[in-house]
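Asker: Chains as they are written, first to last, in our numbering: chain S, 1 to 316; chain H, 317 to 575.
Some hints could be false.
As the list claims (entries may be wrong) - DSSO-like, lysine-lysine: derived pairs with alpha carbons at most 30 Å apart:
hint	chain 1	residue 1	chain 2	residue 2
1	H	Lys554	S	Lys276
2	H	Lys554	S	Lys283
3	S	Lys283	H	Lys573
4	S	Lys136	S	Lys106
5	S	Lys316	H	Lys554
6	H	Lys512	H	Lys389
7	S	Lys106	S	Lys17
8	S	Lys106	S	Lys18
9	H	Lys514	H	Lys389
10	S	Lys18	S	Lys55
11	S	Lys283	S	Lys314
12	H	Lys573	S	Lys17
13	S	Lys106	H	Lys462
14	S	Lys276	H	Lys512
15	S	Lys303	S	Lys283
16	S	Lys55	S	Lys106
17	H	Lys462	S	Lys17
18	S	Lys18	H	Lys573
19	S	Lys314	S	Lys136
20	S	Lys316	H	Lys512
21	H	Lys554	S	Lys314
22	S	Lys316	S	Lys276
23	S	Lys303	H	Lys573
24	S	Lys283	S	Lys17
25	S	Lys276	S	Lys17
26	H	Lys554	H	Lys573
27	H	Lys506	H	Lys462
28	S	Lys276	S	Lys314
29	H	Lys545	S	Lys136
30	S	Lys314	H	Lys573
31	S	Lys303	H	Lys554
32	S	Lys106	S	Lys276
33	S	Lys276	H	Lys545
34	S	Lys18	H	Lys545
35	H	Lys506	H	Lys389
36	H	Lys462	S	Lys176
37	S	Lys17	S	Lys136
These aren't lab readings, by the way, just hints derived from the structure by calculation.
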Amino acid sequence: MAEVLVVVEASPAAGVKKVTLEMLTLARGLGSPCAVVFGDAAALTDRLGEYGAEKVYAASGEDVQDYLVAPKATVVAGLVRSVRPAAVLLASTQEGKEIAGRLAVKLDNGLLTDVVGVEADGTATQVIFAGSGVVKSRVTRGLPIVTVRPNSVPAQPAPVTPVVEQVTVSVAEADKLARVVERVAEARGARPELTEASIVVSGGRGVGNADNFAVVEELADLLGGAVGASRAAVDAGFYPHQFQVGQTGKTVSPQLYVALGISGAIQHRAGMQTSKTIVAVNKDAEAPIFELADFGVVGDLFKVVPQATDEIRKRK
Amino acid sequence: MNIVVLVKQVPDSGAERALSPGDFTVERAAAGNVINEMDEYAIEEALRVREAHGGEVTVVTMGPAAAAESIRKALSMGPDQAVHVSDEALHGSCAVATSKVLAAALGTLNPDLVLCGAESTDGRVQVMAHMLAERLGVAALTGARKLTVDGSRLTVERQTDEGYEVVTAVMPAVVSVWDTINEPRYPSFKGIMAAKKKPVRALALADLGIPADQVGFVGASSEVVEFAKRPPRSAGTKIVDEGDGGARLVAFLAAEKFV
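In isolation and in its complexed conformation, chain S is listed as follows:
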């Protein structure tokens, strides 16, 4: 069976990200999953094997770490030329998409982004226009280069013992034009990453101020979820931009989305409409968020949410 390259997303803190395991699961339907790791592969190999990575290509060295994206695309392009894979899967994150874009140009090859499913023949499903439409697409030139949206498929283990292969990294000077001079980690605590979380609790303008976001955070922590914010809340300075859900922020698709004090403008719906279950608390009975909520409470979130958190504690 032909190899399917899965470009691994991992972080020093969290290890292999969930979306990588989901991609390995998807890759099994297309061929033999082989992971491509940038950086230290030793710490990640066991986990990748647990989800079916038969091979791990390890590309390490300063050249891939110190420059923005371009060297990584060169490494993946080299692998595509040497192993002739059936497809390349990358995460539909900023970096995943950027590598995919460069790869597509290098290989003069089609690419499909924000994919939520791939069939055995490479036909991909994409959710478009703020979750209001679904398209099926395929690459018609070259192999499928596909970026996969986190939380699109459940990750299923299929344990194997991966063969680790070191990849010699030789990148061109043209790949070293954008140098990363500093990486600043901002504490997120123990909360899961927004796009990968099974549960997301978001606050909007109705939260009122930055301090009040503690109410949102408390519920998120009790549910083991991530915290999100609407654009209105971010613009008002209640919560940092990296947690913004919506058109100019993150797209999330969790099992449960809790919207607190969020009216549900189309801008916001664009980022959360495909969540499995949606719950909303808003004092305005006419708020559009109720049109998509499976369960809605019309009321003061500062009364409803503390009562809910007390109730959850009691049940634990």
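Let chain S serve as the given structure and place chain H on it in line with the hints.
Answerer: Here is chain H on its own, set in the frame of chain S:
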């Protein structure tokens, strides 16, 4: 400094959007067409760089004749001139072909700095800056929330899931921006009047030396085979809090096995 801003006309994301039933391209007739929101931030940043360091700002748009309206709107914010790349053969172009055309158009302008929005509200593909950099052999600094220009050196801060990165390069370079970078100005009346007289140069495929079979549907590297509207979500239970709203909410979450 020779600054280019890439501006894309997109269907208004606040309106209902669809793909054309015939060829699955973005339906431009139904919804109102506007400047892609993040491109307005790129225009603003270009104007700020010009104000601080001098030079000229050129808007570059690839799109059908109707995109001229967005070009005038962009010019009314303050850029000096525009280039409109338009050709019947471009209809149906994929991202790979689009980057080829835009790279060729940029090649005629020799910019020091190319600014664009990080993504468009219609495709949300988020790859153009890197595709162009790959083709032009220049640096790409993407997703900027802050841009500093020091002589020929550019430094950007970009948000990541873990925090942020500081990335630096020497011009020429392509920089894509998020909407956190600035607050775009509104066109003034004077700006709107002045925009009517600003030069807009038309470029067709032949001017760029690109054969028609490398773009559009014929030259596309991917195709849409099916489009369907997703059924709208239906509203579920809505209750009014009468002192037990929190408890009833948890009862729902428990029934759904979230607690």
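Asker: Each of the hints needs a verdict: does it hold here or not?
Answerer: Now the hints, each set against the structure:
1. Lys554/H - Lys276/S: Within the cut-off at roughly 17 Å; holds.
2. Lys554/H - Lys283/S: holds, 12 Å
3. Lys283/S - Lys573/H: holds, 26 Å
4. Lys136/S - Lys106/S: Holds. Lys136/S to Lys106/S sits at ~25 Å (cutoff 30 Å).
5. Lys316/S - Lys554/H: It holds: about 26 Å lies between the C-alpha atoms, which stays within 30 Å.
6. Lys512/H - Lys389/H: holds, 9 Å
7. Lys106/S - Lys17/S: holds, 27 Å
8. Lys106/S - Lys18/S: holds, 28 Å
9. Lys514/H - Lys389/H: holds, 11 Å
10. Lys18/S - Lys55/S: holds, 18 Å
11. Lys283/S - Lys314/S: Roughly 26 Å between the alpha carbons, so the hint for Lys283/S and Lys314/S holds.
12. Lys573/H - Lys17/S: Holds, at about 25 Å.
13. Lys106/S - Lys462/H: At roughly 29 Å apart (the allowed maximum being 30 Å), Lys462/H and Lys106/S satisfy the hint.
14. Lys276/S - Lys512/H: Outside the cut-off at roughly 49 Å; violated.
15. Lys303/S - Lys283/S: The hint holds at about 11 Å.
16. Lys55/S - Lys106/S: Cα-Cα ~24 Å, so holds.
17. Lys462/H - Lys17/S: Measuring from Cα to Cα gives roughly 28 Å; hence the hint holds.
18. Lys18/S - Lys573/H: Status holds; Cα separation ~21 Å.
19. Lys314/S - Lys136/S: violated, 46 Å
20. Lys316/S - Lys512/H: Violated. Lys316/S to Lys512/H sits at ~67 Å, over the 30 Å cutoff.
21. Lys554/H - Lys314/S: Between Lys554/H and Lys314/S the Cα gap is close to 24 Å, so the pair holds against 30 Å.
22. Lys316/S - Lys276/S: holds, 24 Å
23. Lys303/S - Lys573/H: With Cα atoms ~23 Å apart, Lys303/S and Lys573/H stay inside 30 Å; holds.
24. Lys283/S - Lys17/S: Given pair Lys283/S, Lys17/S is violated - Cα atoms ~37 Å apart, limit 30 Å.
25. Lys276/S - Lys17/S: holds, 21 Å
26. Lys554/H - Lys573/H: Holds. Lys554/H to Lys573/H sits at ~19 Å (cutoff 30 Å).
27. Lys506/H - Lys462/H: holds, 29 Å
28. Lys276/S - Lys314/S: OK: Lys276/S and Lys314/S at ~26 Å, within 30 Å.
29. Lys545/H - Lys136/S: Given pair Lys545/H, Lys136/S holds - Cα atoms ~12 Å apart, limit 30 Å.
30. Lys314/S - Lys573/H: The given pair, whose Cα atoms are some 16 Å apart, holds under the 30 Å limit.
31. Lys303/S - Lys554/H: Distance ~17 Å between Lys303/S and Lys554/H Cα, so the pair holds.
32. Lys106/S - Lys276/S: violated, 38 Å
33. Lys276/S - Lys545/H: It holds: about 18 Å lies between the C-alpha atoms, which stays within 30 Å.
34. Lys18/S - Lys545/H: The hint holds at about 29 Å.
35. Lys506/H - Lys389/H: holds, 13 Å
36. Lys462/H - Lys176/S: Satisfied, since the Cα-Cα distance of roughly 21 Å is no more than 30 Å.
37. Lys17/S - Lys136/S: holds, 26 Å
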